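Since chain Z is already given, all that's left is putting chain E on it; use the hints.
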Amino acid sequence: MTGELHQLQRRMAAAVMQPLTLDETMRKRDRSGRDNHAEAAGFIRPNDRLDSFERLEIYNRQYWFRLFSSFEEDFTGLQAVLGRKKFQALMRAYLESNPSTSFSLRNLGSRLLEWSCDNPQWTAPLGELSQDMMSLEWAHIESFDSASRPVLPVETMTSLSEETQISLQPHVRLLKLHHAVDNALIALRSDSGSSNSSSNSATASRIVRRFRAVSGVNHETIYLAVHRYEDTVYYKRLRLEDFYLLQAIQEGRTLMDAIDAAFEFSVMPEAERPGYVQSAFQHWMSLGWLCEVTSD
Amino acid sequence: MPANRFNGFTDYGVGIGLRIPHYRHILEQKPVVDWFEIISENYMVDGGRPMTVLDSILDQYRVVQHGVSMYFGSADPLNREHLLRLKTLARRTKTPWLSDHLCWGSIDGRYTHDLLPMPYTLEAARITAAKIRQVQDFVEVPVVVENVSSYAEFHMSQMTEWEFLNEVVEQADCGILLDVNNIYVSSQNHGFDPCTYVDAVPAERVAQIHIAGHSKFEKYILDTHDHPVLDPVWDLYARAIERCGPTATLLEWDDNIPSFDEVHAEALKANRFLQAGKIREEESLRNAGMPVEPELEPVR
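If you read the sequences in order, they're chains Z and E.
The numbers in numbering that gives the first Met the number 0 rise by one with no breaks, and the one at position 169 of the first sequence is 168.
The numbers in numbering that gives the first Met the number 0 rise by one with no breaks, and the one at position 3 of the second sequence is 2.
The following block holds chain Z by itself, in its conformation from the complex (with noise of 0.2 Å):
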């Protein structure tokens, strides 16, 4: 019997996960060609005013439009890129192949980055530029609630040695882009991380948002800190030295380890070196960013 509970739950599921058509209907057959009527009969029964497609079809688009909400919701900014049919044909293809594995709304585009660079042909030919606006929205998202830990004291930082390590804040993401989607995307939205918020309501239909449209993104390097101060989301530009020496310690390297990385690439001369490095840490510090190394 746990067997038929199982059988019973994975096949409405099957079927309330199946893609609408495009006029958000459930379709009449599924993709294997079954009859969804006929489906739906076999395990659902029919009412006085409502059959039992009918009665299926009301969960089928209840899944969709909570899902399609959420994901609009978090990514508007990519929205504005690619224009409302592709994003929508995109929506459609990443949460077909991607559904929800989490109990919160919050984790649904997790996979969206990978899923698009294995499949390049819902972006093109914007493919980059739409890639630098999810990396950007989902470490907005990921920096909204991520944990804050204790800054590093004042006192441990200046008896820092070059074995020392030292760690970043949970809630900042660094960010390597090829286009300035920053300035972009703090035009188009609010500093809301993801406010999806779960709830017990049903929804009567989609809800439609404002499109805004960006253009003119200039193609330019950037680095980002997508960070958190006093609760709100920013996003702050990097000089290369800073993102280098900033992932480095991230990355859980020593203090002199992680300055050599940061002039890897770096034309500074080498007597503003010093001075550099102790206004970057400076910075750092008074912006809450770095903490002390933790076991987990």
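The calculated DSS-like cross-link candidates involving lysine-lysine, where the alpha carbons are at most 27 Å apart (straight line), are:
| hint | chain 1 | residue 1 | chain 2 | residue 2 |
| --- | --- | --- | --- | --- |
| 1 | E | 215 | Z | 27 |
| 2 | E | 218 | Z | 27 |
| 3 | Z | 175 | Z | 235 |
| 4 | E | 93 | E | 29 |
| 5 | Z | 85 | Z | 175 |
| 6 | Z | 85 | Z | 27 |
FRET-style restraints, in silico, Cβ to Cβ:
| hint | chain 1 | residue 1 | chain 2 | residue 2 | range |
| --- | --- | --- | --- | --- | --- |
| 7 | Z | 50 | E | 59 | 47 to 53 Å |
| 8 | E | 199 | Z | 106 | 36 to 42 Å |
| 9 | E | 216 | Z | 235 | 45 to 51 Å |
| 10 | Z | 113 | E | 199 | 48 to 54 Å |
Derived from the structure by calculation, the hints contain no laboratory data.
Bear in mind the structure is a predicted one, so any value in this text is a computation, not a measurement.
In this text, a Cβ means the ideal position worked out from N, Cα and C, and glycines have one as well.
This is chain E only, laid out in the frame that chain Z set:
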């Protein structure tokens, strides 16, 4: 009646669901509210604004946790990460009881993020009850289960929804969050008398009641939580209070959310039913020759 082992022997009045559009108003105006219900999953994060706001609310108000994705009725085992985060949050909020739904929504590790109806079978009841016990044992807080609105029924069901609910709560020895709006919605969608449902519920297990608004369509009703409470639901609420006594009550409003004051005013309409329930309860105590306790001010 209202203070029982399923709600941690508390005597809460009318609460409101804590929702993002009201954060600023609540933190700045500090309105008098008996308690807030939070959606647990919205605060199962590691840090940031959700937790800062929650801590500020906890400084001033009583909070009860309500979950939406534990899925007691799923054939899948419980999600360990979800359980750990739930327990961590429960320690933070000191919630006197925890609620989630009598439904399923995930299978084979895939989540629908919906509250899908159960087949009403004895074996489904056994599996569901066992999972409720696991959650209760792990989190160490009384668990209460909420009846859901549904739009479909299964051929394999062997009993009514209220018989299934009773079977589950007896086996799990847990409480009930009686959602009278959900009973009304399901009664219209499936053609049963909602009073029969309310009358069949074991009153001594009811720890909390939900009220909400719904939307009517041509052939069915949806549980949209985007309207004031409609009269038939208030009628059902009155009946539930008559049966269960003055019970902790919460208004759910999740979509097209109006101002805090409007939501609060709608919720406070429940007070006249609760007061009538209190008077009835006191009369029955007097008739039985038992002392009547003086009314206490809500704890802040």
